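Participant: Sequences listed follow chains U, S, Y and W, in order.
Per this note's numbering, the very first residue in the first sequence carries number 1; after that it's consecutive.
Per this note's numbering, the very first residue in the second sequence carries number 1001; after that it's consecutive.
Per this note's numbering, the very first residue in the third sequence carries number 2001; after that it's consecutive.
Per this note's numbering, the very first residue in the fourth sequence carries number 3001; after that it's consecutive.
Any given hint might turn out to be false.
[Stated by the list, open to error] Pairs of lysine-lysine, DSSO-like flavour, derived with a Cα cap of 27 Å:
no.: 1; chain 1: S; residue 1: K1160; chain 2: U; residue 2: K160
no.: 2; chain 1: U; residue 1: K34; chain 2: U; residue 2: K200
no.: 3; chain 1: S; residue 1: K1355; chain 2: Y; residue 2: K2034
no.: 4; chain 1: S; residue 1: K1355; chain 2: Y; residue 2: K2147
no.: 5; chain 1: W; residue 1: K3147; chain 2: U; residue 2: K355
no.: 6; chain 1: U; residue 1: K307; chain 2: U; residue 2: K160
no.: 7; chain 1: Y; residue 1: K2146; chain 2: S; residue 2: K1034
no.: 8; chain 1: S; residue 1: K1147; chain 2: Y; residue 2: K2355
no.: 9; chain 1: Y; residue 1: K2146; chain 2: S; residue 2: K1355
no.: 10; chain 1: U; residue 1: K146; chain 2: W; residue 2: K3355
[Unchecked claim] Derived list of chain U stretches under chain S, where covered just means 3 residues or more per stretch with a C-beta under 8 Å from a C-beta of chain S:
no.: 11; stretch: 167 to 174
no.: 12; stretch: 199 to 209
Just so you know, the hints here were simulated from the structure itself, not pulled from any lab data.
Note that the structure is a prediction, hence the values are computed from the model and not measured.
Don't be surprised by glycine CBs; every beta carbon is placed ideally from N, CA and C.
There are 4 protein chains.
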Amino acid sequence: MKNTFGNNISLTIFGESHGNAIGCVLDGVPAGIKIDEERINKLLSLRRPSGSISTSRREADEYSFQSGVFNGFTTGTPICILIPNKDTRSKDYSEMSCIARPSHADYTAHIKYRGFEDYRGGGHFSGRITAALVAAGGILIPALEKKNIFIGSHIKSIGKVSDRSFENVRADIEKLADMSFAVLDEEKQTEMTNLILAAKNDGDSVGGVVETAVCGIEAGVGEPWFDTLEGLISHAVFSIPAVKGIEFGAGFAITEMRGSEANDSFYSETGRVSTETNNSGGINGGISNGADIIFRTAFKPTPTIAKEQKTINYVNNENAILSAAGRHDPCIVHRARIVVDCVTALVVADALTGKHGADWLAL
Amino acid sequence: MKNTFGNNISLTIFGESHGNAIGCVLDGVPAGIKIDEERINKLLSLRRPSGSISTSRREADEYSFQSGVFNGFTTGTPICILIPNKDTRSKDYSEMSCIARPSHADYTAHIKYRGFEDYRGGGHFSGRITAALVAAGGILIPALEKKNIFIGSHIKSIGKVSDRSFENVRADIEKLADMSFAVLDEEKQTEMTNLILAAKNDGDSVGGVVETAVCGIEAGVGEPWFDTLEGLISHAVFSIPAVKGIEFGAGFAITEMRGSEANDSFYSETGRVSTETNNSGGINGGISNGADIIFRTAFKPTPTIAKEQKTINYVNNENAILSAAGRHDPCIVHRARIVVDCVTALVVADALTGKHGADWLAL
Amino acid sequence: MKNTFGNNISLTIFGESHGNAIGCVLDGVPAGIKIDEERINKLLSLRRPSGSISTSRREADEYSFQSGVFNGFTTGTPICILIPNKDTRSKDYSEMSCIARPSHADYTAHIKYRGFEDYRGGGHFSGRITAALVAAGGILIPALEKKNIFIGSHIKSIGKVSDRSFENVRADIEKLADMSFAVLDEEKQTEMTNLILAAKNDGDSVGGVVETAVCGIEAGVGEPWFDTLEGLISHAVFSIPAVKGIEFGAGFAITEMRGSEANDSFYSETGRVSTETNNSGGINGGISNGADIIFRTAFKPTPTIAKEQKTINYVNNENAILSAAGRHDPCIVHRARIVVDCVTALVVADALTGKHGADWLAL
Amino acid sequence: MKNTFGNNISLTIFGESHGNAIGCVLDGVPAGIKIDEERINKLLSLRRPSGSISTSRREADEYSFQSGVFNGFTTGTPICILIPNKDTRSKDYSEMSCIARPSHADYTAHIKYRGFEDYRGGGHFSGRITAALVAAGGILIPALEKKNIFIGSHIKSIGKVSDRSFENVRADIEKLADMSFAVLDEEKQTEMTNLILAAKNDGDSVGGVVETAVCGIEAGVGEPWFDTLEGLISHAVFSIPAVKGIEFGAGFAITEMRGSEANDSFYSETGRVSTETNNSGGINGGISNGADIIFRTAFKPTPTIAKEQKTINYVNNENAILSAAGRHDPCIVHRARIVVDCVTALVVADALTGKHGADWLAL
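Chain U with its partners taken away, still in its complex shape:
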């Protein structure tokens, strides 16, 4: 079950960048969740390339439900979401280039699929596939919000330019909801955008870090072995193209602290238990402790760049030079943050459904 993820609520993803359609099957969602099409479109628009800092490929992302939705509500049976590919320039890909883009999946796909891969536009490895995840997230995120669970991400950094961290998490998430370039300190937007445009002008690309918060999860969700909240989230997040690292709470920085500094002291106020700090990112022993879940995801610079690169022709295995034509993103971090939200929603909805029962999300 390679392309399927989740236990109680699960998602099966399919599609290639230049095939008929991309899509997914979202299963295990209980009957009776109202579909908010506006919200789905909003989320899709936040993932969609726009402006000069994204690829010039423009897809309307006109999703449709093939199943599982009736009279505006989920039916409890699997929801197939289909998003046709429209802005595909087939002539750009009339034949396989055979030139492996460095650090892209061209080569590994060719080895794995033995030459039968749909190589057009990155095929099944294209970031385009994440649109299906976002459409599914558009069902789960509002349903979680009705349960007072809120998920949001911001661009923590582009290159060396950093945004501030979450402070008032609930308010910060609200603020980020509609931003097409999601930063908490809005003054950073220009600086970051300039960095992206400079890379673009050089035929190059930049990466960055996305920071994600989940607030409102009760204590006691997750498992010690093997389905820790960190393990489940990381498993899902690493599927997003270009991710190379993930850290929770203080993350790698915690390794430079002493225990007395790193430990999050508990305190009780009118019977409610909280922690004074949140170096654990809301998770102890794999299980939520009631504090906000905080994690950061490292995105590498887009591997497809215009600059000339040394590489190989993977059909004849000879050395070659690549000058990539076509449409690329000089940076995908600002688009990817919404994808992180959506896979996080899948993990959170799944874990809570396991805890509270199959219909929980709809009740």
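Let chain U serve as the given structure and place chains S, Y and W on it in line with the hints.
Facilitator: The following block gives chains S, Y and W in isolation, referenced to the frame of chain U:
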């Protein structure tokens, strides 16, 4: 299937720190793998606490096979490994302390298991449980080595003291195999040990980073969705107590590079494809590219410390002060590295078995 | 992962009888399998209602690949097959009838999905959904045939009229391949058809038994716990609407034999091991023994009948009388046999892929 | 995950007939279920051979909890149950017989495990392994009873001698609970026992049918695809050695009815929905309808018999004659019925836990 991990080769873990025994069931291992008891004992000894930088609890880790091994070979049926708990001081735990150790799982376990948790010595959350993983790894690691796949980890850092990175990976792994304090630059051992002892003297603890390498994996292993090699490894690694982050290849640092710098150029030499750099950590699009797989795991400082800490009594939810008595590790990084090797072996053996068939590991 | 089945090759099914489309995602099929559209259409036509012994609903079953197929070959990534619903009479279902058809899933669906079910035409419970299974089978069955594994089913009985059993299994399967009413003893067709028509004339329905054979599977496939070949096949087969029983080899009749009669003696001929009888249906201890796998599936009479029936209104829970209008099948056995073949192909392809590796089916 | 079954509550089984121990890991059971050791022992005793109609091997079945139980209650973490093998006559098996018992798993195991199988006493294929299932059932069955869900089986037939069917299911289950030879019509016991003894005297064996009832399950449990209640139960039940068929409700006999006869009319009495008949065995569309779940399992005659049989030597593939020495059961039906109860309890507890949440069974 919470405590079970893996698709073709899977591991089910069980046990509590002060229960009868800890252990695991390793399933899907093909018939005909010779059991190397010496190697299993060697690996167990590398995980076992020793010297002044570890807890004073001493367990012999006398494992036994309850099933799945016959005449010195695996039978192809599930292998139950049992390791009795012996050095348990029951009187230390005659009653629940009710005082939550900050950043430990005491509180989250109490919430999740509603007061029925085996609280003695951390119960199912204890690092002791990892001994079972190591015993299982003692079957898989030598079997992988016969397939020319080698796995090894070193202590990349303790606090701010860093070891050098992998250079000649194959030789480095060999060097690390028998080291009880695994550093590549042996001069760092004293510095790191001093750091640990200083923390111990202060009733405190330190954390660090473990760097792991897998060499010898062919290109083409892994899946784009959702079972990327990164996703599978991270899912397993986050189960190891105290892990707060994981990064592959250049990891978080790659977010500060441009694409032209980050991309690993391919080149071909007598038909063999390699990369000039390895910022990808051997993985493109979730799939191995034939280069060494490299990742780093962040371990927080041991949360159990002797220093006084503010916390709560989780039974009456009142604020409390904790002065932890008992035996603790001032650092677990040097012990944990062998556990990282073992869960990595599980993921790698599982993925390759899926690719090459059920008996591959034994042929 | 409710609507997903299979480990290495898996199928996710979706769709409702009167929704946009039905379909499935077939995952884990290796790259490089040639798509035989003619064969898929052939199989779909064998499942499709036709003539006077089936419902008058006529669907063209115009399937399309949304993903996973490129240049006429599988790509190795998930294959989404979509079959639009066209011949739906929406006006027939403008409002929920609220009258539970006895022994149909109307009532259980209403309870499970709390009133949000797509009730039109049986929704997700409709036999129509099996068309998607058949399309998927149209990829797997010819691929298995290239491996010399042949699957075929015949109508063992309709009511009390029985066909002969398999004799020369390989030849029998070939004979059945193109038959729209698949009986081995063709003289039984008229008798069976008359039985169906008589029931139809009475506004009633009949059931029957489908007998399935798989020939060409090597010995050694399957697991003792829990994934016996019998267990896997039965798990899949019970998903087909109207199935109430399954038996392997001599099945229930074996309970009336003594061991000396029931046991299948092995014998060896020029080194090849066979059995003199096949009361085991080709499976010992859950594992194939090299003989033909033989099993029978019991299909109940179609629950939707024209005759007046006592039942309840499941909205107000009052007693009611049902006179079902609309289009129904007086018998589905002759159509269902092809669905049994297809789910069997899924189980067999999955098990062999686990044994021989991910690319086996394409090599 | 071959030897693991279940989604929310899962069981991993291990052990060989003459190894150190057999056992299982029961995972997903919520914290706080009181362990009733007497009940576990009772169930184990009902499965244990006794009297002249069973094998003379006598095992005390002294199970112990290695984990997951603390202070008499489940802890919520995996429960490892270990049952040592004691009455093993190693000398009987000092070397592999190489003679395949017809219709036993000797041959298929030898092929599958390539000669490394633990052949002693049937190894992992031995019915002895089911003792571990029964111990696990001893936790689940009383927990389900507290939820007013009762499971019980009787010997429906031995050879051609039949017991009456369930009538007042709840009372019948109670009656069967303590019977070592479980028949509803006690007059049949002598007749059945005589049949068994006659076969024994002839060095032969007999089979039979077990009929199982589950009462108290609410309507709405199960899935249409693929996890129908029938599919899940059959998947589990076929793991029990010697099972060759399963049927629900009227089963195969329903194929000879017309729809108007087979359909179970619903009726409502003071708001409670029931069915007038139960030909569906309590399941419509894979989902419970609130009626008793009824199914029958066909057990073949024990394949190990004393009578001389033609077979092969599976090492040199030459024809051979087998005269089986050793201890065997002339019939296992009366012992197996308790195993059917226990795997049914696993499926039912798992499905209801998925529906109602992780802690449901303990609340």
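Participant: Each hint needs a verdict: does it hold in this structure or not?
Facilitator: Outcome of the hint check:
Taken as a hint, the K1160 (chain S) and K160 (chain U) pair is honoured in the structure, with Cα atoms around 21 Å apart against an allowance of 27 Å. Between K34 (chain U) and K200 (chain U), the direct Cα distance comes to roughly 42 Å. Violation of the 27 Å bound is thereby established for this hinted pair. A hinted pair counts as satisfied when its Cα atoms are at most 27 Å apart, and K1355 (chain S) with K2034 (chain Y) qualifies at roughly 20 Å. At roughly 18 Å between alpha-carbon atoms, K1355 (chain S) and K2147 (chain Y) fall within 27 Å of each other, so this suggested pair holds.
Under the criterion of a C-alpha separation no larger than 27 Å, the hint pairing K3147 (chain W) with K355 (chain U) is consistent with the structure, at around 18 Å. Straight-line distance between C-alpha atoms of K307 (chain U) and K160 (chain U) comes to about 22 Å, which keeps the hinted pair within the 27 Å bound. Between K2146 (chain Y) and K1034 (chain S) the alpha-carbon distance is near 36 Å, which puts this suggested pair outside the 27 Å criterion. As the CA atoms of K1147 (chain S) and K2355 (chain Y) are separated by approximately 18 Å, the hinted pair is consistent with the 27 Å bound.
Of the pairs offered as hints, the one joining K2146 (chain Y) and K1355 (chain S) holds, with about 20 Å between alpha carbons and a cut-off of 27 Å not exceeded. A C-alpha spacing of about 20 Å is found between K146 (chain U) and K3355 (chain W), which places the hinted pair at or below 27 Å, so the restraint holds. Counting residues of the stretch 167 to 174 of chain U whose beta-carbon sits less than 8 Å from any beta-carbon of chain S gives 0, not enough to reach three: the coverage restraint is violated. Proximity of the stretch 199 to 209 of chain U to chain S, defined as three or more residues with a beta carbon under 8 Å from a beta carbon of that chain, is established by the 8 residues found.
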